[in-house]
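**Student:** Can you build the whole structure from these sequences, using the hints too?
Residue numbers (the numbering used here), protein chains in the order written: chain B, 115 to 333; chain D, 24 to 279; chain E, 6 to 226.
Worth flagging that the hints you see were computed from the coordinates, not collected in a lab.
Where hints are given, some of them may not hold.
Which residues of chain B face chain D? A partial, calculated answer using Cβ under 10 Å [as the list claims (entries may be wrong)]: (1) 133; (2) 246; (3) 249; (4) 250.
In this text, a Cβ means the ideal position worked out from N, Cα and C, and glycines have one as well.
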Amino acid sequence: MNLDWSIVWQSRWLLLEGAGVTILLTALTMLIAVPGGIVLALMRGSRFKPVALFATGFVELFRNVPLLLLVYWAFYVMPVLTGLGLSPFATGLVALCLNVSAYNSETFRSGINSIRKGQTEAGLALGMSKGEVFRQIILPQAWRRVLPILASTWVSLFKDTSLVSVIAVGELAHTAMQIRSQSFRVLEMLTAMAAIYWLMGYPQAKIVDWIHRKYGVRE
Amino acid sequence: MTAFARKNADKPPMLIYDKVRKNYGDFTALDGVSMHVNSGEVVCLIGPSGSGKSTLLRCTNALETIDDGEIRFEGKPLPKSDTETRKVRQRMGMVFQSFELFPHKTALENVAIGLTTVRKMDADEAHKRAMALLAKVGLADKTANYPANLSGGQQQRVAIARALAMEPHVMLFDEPTSALDPETVGEVLNVMRNLADEGMTMIVVTHEMSFARRVANWVVVFERGQLLEQGPPQQIFEAPTTERTREFLSHLGWNG
Amino acid sequence: MDFDFSPLLDSWRFLASGLGLTILLSIAAVITSFVLGLAVALGRLYGPAWLRAMLVFYIDSMRAIPVFVVLVWIYFAVPIISGYTFAPFWAALTGITIHVAAYVAEIIRAGLTSIRKGQIQAGLAIGMSTPQILRHILLPQAIVRMLPAFGSVISVTIKDTAIAAVIAVPELMRQAETVAGQTYRPIEIFTTVMVIYFLIIFPITRLVDRFYIRVAYLGRS
Numbered sequence: 115m116n117l118d119w120s121i122v123w124q125s126r127w128l129l130l131e132g133a134g135v136t137i138l139l140t141a142l143t144m145l146i147a148v149p150g151g152i153v154l155a156l157m158r159g160s161r162f163k164p165v166a167l168f169a170t171g172f173v174e175l176f177r178n179v180p181l182l183l184l185v186y187w188a189f190y191v192m193p194v195l196t197g198l199g200l201s202p203f204a205t206g207l208v209a210l211c212l213n214v215s216a217y218n219s220e221t222f223r224s225g226i227n228s229i230r231k232g233q234t235e236a237g238l239a240l241g242m243s244k245g246e247v248f249r250q251i252i253l254p255q256a257w258r259r260v261l262p263i264l265a266s267t268w269v270s271l272f273k274d275t276s277l278v279s280v281i282a283v284g285e286l287a288h289t290a291m292q293i294r295s296q297s298f299r300v301l302e303m304l305t306a307m308a309a310i311y312w313l314m315g316y317p318q319a320k321i322v323d324w325i326h327r328k329y330g331v332r333e
Numbered sequence: 024m025t026a027f028a029r030k031n032a033d034k035p036p037m038l039i040y041d042k043v044r045k046n047y048g049d050f051t052a053l054d055g056v057s058m059h060v061n062s063g064e065v066v067c068l069i070g071p072s073g074s075g076k077s078t079l080l081r082c083t084n085a086l087e088t089i090d091d092g093e094i095r096f097e098g099k100p101l102p103k104s105d106t107e108t109r110k111v112r113q114r115m116g117m118v119f120q121s122f123e124l125f126p127h128k129t130a131l132e133n134v135a136i137g138l139t140t141v142r143k144m145d146a147d148e149a150h151k152r153a154m155a156l157l158a159k160v161g162l163a164d165k166t167a168n169y170p171a172n173l174s175g176g177q178q179q180r181v182a183i184a185r186a187l188a189m190e191p192h193v194m195l196f197d198e199p200t201s202a203l204d205p206e207t208v209g210e211v212l213n214v215m216r217n218l219a220d221e222g223m224t225m226i227v228v229t230h231e232m233s234f235a236r237r238v239a240n241w242v243v244v245f246e247r248g249q250l251l252e253q254g255p256p257q258q259i260f261e262a263p264t265t266e267r268t269r270e271f272l273s274h275l276g277w278n279g
Numbered sequence: 006m007d008f009d010f011s012p013l014l015d016s017w018r019f020l021a022s023g024l025g026l027t028i029l030l031s032i033a034a035v036i037t038s039f040v041l042g043l044a045v046a047l048g049r050l051y052g053p054a055w056l057r058a059m060l061v062f063y064i065d066s067m068r069a070i071p072v073f074v075v076l077v078w079i080y081f082a083v084p085i086i087s088g089y090t091f092a093p094f095w096a097a098l099t100g101i102t103i104h105v106a107a108y109v110a111e112i113i114r115a116g117l118t119s120i121r122k123g124q125i126q127a128g129l130a131i132g133m134s135t136p137q138i139l140r141h142i143l144l145p146q147a148i149v150r151m152l153p154a155f156g157s158v159i160s161v162t163i164k165d166t167a168i169a170a171v172i173a174v175p176e177l178m179r180q181a182e183t184v185a186g187q188t189y190r191p192i193e194i195f196t197t198v199m200v201i202y203f204l205i206i207f208p209i210t211r212l213v214d215r216f217y218i219r220v221a222y223l224g225r226s
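**Tutor:** Spelled out as structure tokens, the structure:
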């Protein structure tokens, strides 16, 4: 077996850039999917049936199909739907947002439902509006339950961004796979890719554990 | 028996219930209840569990909507719109069986939250008022505590202060001592008695018969969603007119 | 814009064979992941210190590395090291199992440790050994409590099998790509396949949740 690890060092700037795109994609997706999840959760609770039904369908569909398929689907459907030629990055972002918004919606819904009804009634009895009750009483309490789950979702999302590599988004996985096929240094590049994901993901997993310990609900 | 004159009977009643009905599916929670509450009165609602007394209270501030009949508050029927309902609720204070303090707010913030969010009062002024109210219920030294660090009796007193902060015209108490340890029941009842002495109009759903006997001006007995009988406490507790009332009271160990 | 679903009719056998393989791979991966996951959980809870340290490292690493990377590494890199070439199906099964088992292990560990101490003491008090307590008291309650999490593991596993497409396992996702490429009807093909996946995954998670609601009382102590 003849190995040449220098290829990893030679490609360090490309790999670093790929890692940057991975982080950017993760952060942007979360930035959109957190408010997206809240809106979907509120829509599911709407008294106006078509709105609730639409949100339920959206959430159940996009969290019950493989993300890889969603990426391909977005790649072909988005241009037709929007009439725009979206960049691979934008397409990948859309696919991730559809998926993670659906997950976050469930996270917020269960967080909101975990606050007992009496809390809402106590707010209403003071003369608060439903919006005031939601912002002042429900959301601050639900937040403690929601935050640890959002943190776990963040790490899953960080890993899932690797799947948009199939539509040539230049994040870490795609960059590493490209260098692999150009240099034929398969073992070296694949190992380097795994190692970089590990180096980035491991601390994130540990931070998630810490958040769970700090905020976790003990039954 | 001499005729009993209810308090402020010469003035229009504060609350009038006219043939109020409420169903939950097949279950009839309120089956045509008619009664009234005068201003300054303490009215106790008693009766077995599930007889409809809590439901009537929750309908009063529109936490539940009634299916038929009418509830009039200060001369006007309860409004339909959300905004008007909120205005009515500000004139009614409610105290829940399970306190329902907001766990993410301190005692002081719990009392002030209605003033700051609903009345849009500035925080300093609201906190000053909240401080005075907590002192009034005997908790001046607990203002910075979170609900988790208060006993049940203390939490319920904070909840009473929270309701009083809105300067309500009537206070609704929904079994305020049922979830309390026996040793803290007294402190809550004392606060309520002081409130009654100040002339606050109060509707109290309770199983505390000695409180009803001593503090109430008027007692209403419920059974199966219907009003079994009503009258001054002397009459209800010493000479009930129905056999069912007598049975209910003797079940509770009440013997005159 | 017009849709043409006729390519689906022409290639339904091809897609159906992919569906069959997706189901086979899913069932196999769920079984192997649970067996490995249970072993890892028990090793982590009751094993010697060095084993516990290794297993913690393994679990946390799998939480950090994408399953895509694990699959690709096993399929392309392992043969270079070992000289032994995997068939794509076995590489996929191995990769998914290694990944999912780490999650299963965490779920089982959390389930076991969530049972109150009093239950163990009650077992000890009637003279049970640790394995007996585990088998007769802890595991039966813990399994019930873990049901909702197991439901989501099954759904994650099925979704992960789609990633096997990147190492050319001819399962549903891969077959869909092939048909879409040949017929130039990607929207129709991918939309249909999305519905198929949904119709498999959604009812499974729902059924597990329903079942849990019916048996939840068995896990409350």
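**Student:** For which of the previously enumerated hints does the structure constitute a violation, in increasing order of number?
**Tutor:** Structure breaks hint 1 only.
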